[in-house]
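Residue-level listing of the chains:
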Amino acid sequence: MIVYWLCFILFLVGLYGVITRRNLVKIAISLSIMEFSTFLFFALVGYIDGGVAPIVDPADPVKAYVDPLPQALVLTAIVIGLATTSMLMAVIIRLYRKYGTFDIREIKNLRG
Amino acid sequence: MNPLIPLFVVIPLAGAFLIMILGRFIRELNKYFASLILLVLVILSIYSLATTGENLSLYKVGGWEPVNKIPIGIYMVMDGFTVIVLCIINVIGFLSAFYSISYIKRYTAENYFYALFCLMVAGMNGVVLSGDLFNIFVFLEISVISSYALVAFGVEKNELEASFKYQVLGGLASFLILYGIGFIYWKTKTLNIADIKEVFNAGYDKSYYLFVQILMLSGFGLKAAIIPFHAWLPDAHSSAPSPISAMLSGVLIKAVGIYVIIRLFFNMFAVSEGMSVLITTLGTLSMVIGVFLAIGQWDIKRLLAYHSISQMGYVVMSVGIGMILVSRGARPEIASLAIAGGIFHLINHAAFKGLLFLNAGAIEYTIGTRDLKEMGGLAKSMPATSATSFIASMSISGIPPFNGFFSKLIIIIAAIMAKFYLLALLAVIVSIVTLASFLKFQRYAFFNKTDNKNENHIKEVPFPMVFSMVVLSILCVLLSLLAFPEIREAVLTPAIDILMDPGKYSSQITGI
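Chains A and B supply the protein sequences, listed in that same order.
Be aware that the first sequence starts at -16, since it is given in the numbering used here, and climbs by one per residue.
Be aware that the second sequence starts at 44, since it is given in the numbering used here, and climbs by one per residue.
The shape of chain A in the complex, shown without the other chains:
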């Protein structure tokens, strides 16, 4: 059970980073931490203690297979995460070119 709590704490660490950091790149890193804590949670959901890879071999009946579905989901989610992260980094690079800074306090054209 404790490992699930640690995983959720990792999620909250990422959330804390998104809220408190002022540097654009650090915000992106915090988002990645959240993302990977979610992936870790998915991997834990499918994990069974002592389970083996789910390849059915009639000659050797095994009691416990790990659940393959969360792994497939995580792979899909990692690809999506790659797209979001690269999109975010592209915008950060453009923002740096326009403003000459990574500090979020100085990027505040839009208000109200």
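Hints were generated in silico from the structure; no laboratory data involved.
Ideal Cβ positions, reconstructed from N, Cα and C, are used throughout, including at glycine.
Just so you know, nobody snuck in bad clues.
Simulated DEER-style distance windows between Cβ atoms:
| id | chain 1 | residue 1 | chain 2 | residue 2 | range |
| --- | --- | --- | --- | --- | --- |
| 1 | A | A66 | B | A57 | 17 to 23 angstroms |
| 2 | A | P51 | B | S250 | 25 to 31 angstroms |
| 3 | A | Y(-1) | B | P49 | 41 to 47 angstroms |
| 4 | A | K81 | B | E503 | 30 to 36 angstroms |
| 5 | A | W(-12) | B | A93 | 48 to 54 angstroms |
| 6 | B | E503 | A | A66 | 36 to 42 angstroms |
| 7 | B | K200 | A | K9 | 19 to 25 angstroms |
| 8 | B | P375 | A | K81 | 54 to 60 angstroms |
| 9 | B | L65 | A | P51 | 35 to 41 angstroms |
| 10 | B | G554 | A | W(-12) | 38 to 44 angstroms |
Given chain A, put chain B in place with the hints provided.
Same frame as chain A, now just chain B:
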């Protein structure tokens, strides 16, 4: 098996790639090509609306049949509620794409624009049609990633800043949703919405159930910009190119936000009183706060964006009232009236808010500013824009012959009949404030005289833009026909039935 269902995703997805490839060789083709793709989708969605009715049709991706009545493949589901949202997405999408033919000329890289546009439509169609949670997430990401790129399409300071904000909050929402999906899979060992419903029916742990509901509500609430989660919306919707603003405000927050909230909380979770009171409260808050934030705005697109929050509040509040009544199990006819009001307002909002953003785009296209103080006297030089925006403004503020009046009337009547007098009063007050705000928009933009020196140079926008605006304004008038009982029965009642009857959705899917 309904073979039409996957076409809604496949056609725009293939179109996006074709535009990228063909656009390299044939420069002029791509802009008409996007409109053509969306026109095909409009025809398909209207055909589905006409044929679906009470039926619920399925498409099993890859042909995986259920084992012991437990679905194991990916299901795409089309029912009465889905087809309504599909029609909204594709009609507004087609008109925005057609409008873009002239509007987008001032940007470079037109083919990227149309490719992203088609991807966004594909994602939204996928979210609406998907029958399992993880595919909702995947399609949601397809549509929001392309919308991140489209918001930043101008690559100037404001656009980039808005896109960054949108991406950080959107990313947060995505992870909350993914976490929620993980939790649901952990306990139920299935991802199919209908199957999850069956598993939850067999019993669940209360605190776990509440936690999952809160995760889902905050995740999709962020996407739908309900009030405590609204910070990104005014920036993103005002910075995007105008046809994209029309898509974001008119369609995206509904398809990936409101639609999924309604679908999950009616058809997957058992409707509980605590949760429905929370949803109603959030809806009322966004309705009231949104309009008061809007009234002080001088940038037209920011003003419209805040009104989107407020109008979505009407929808959420009305559906929430329906949920409260369903959870109490009392007076189903009032509950169905409240939900009908919510869905009717959702359709209407797509028409008039899409139109208003297209009007704002037309004004920006001609005079190059979005500041209301610098406009004035446009009524004479831009008659079509002026007339259509007048219709849309009257529509959104609820003036009788137009559609907004009827949906607000239904919502207010439902609130009074359900004895929520305070909510009914607030809905009336918000409607009056909306009227005030739009009278300001009309006066400053179209009627006020200014000493504009180059007034003679201002002329009406080109044909594609006028066409889209006129069609939407006709829709604004025609949609009020939905208030009549016969037409409402044909269009809205199937949607309400599938939402009101808790077992119908899941039993039909797992039973087939």
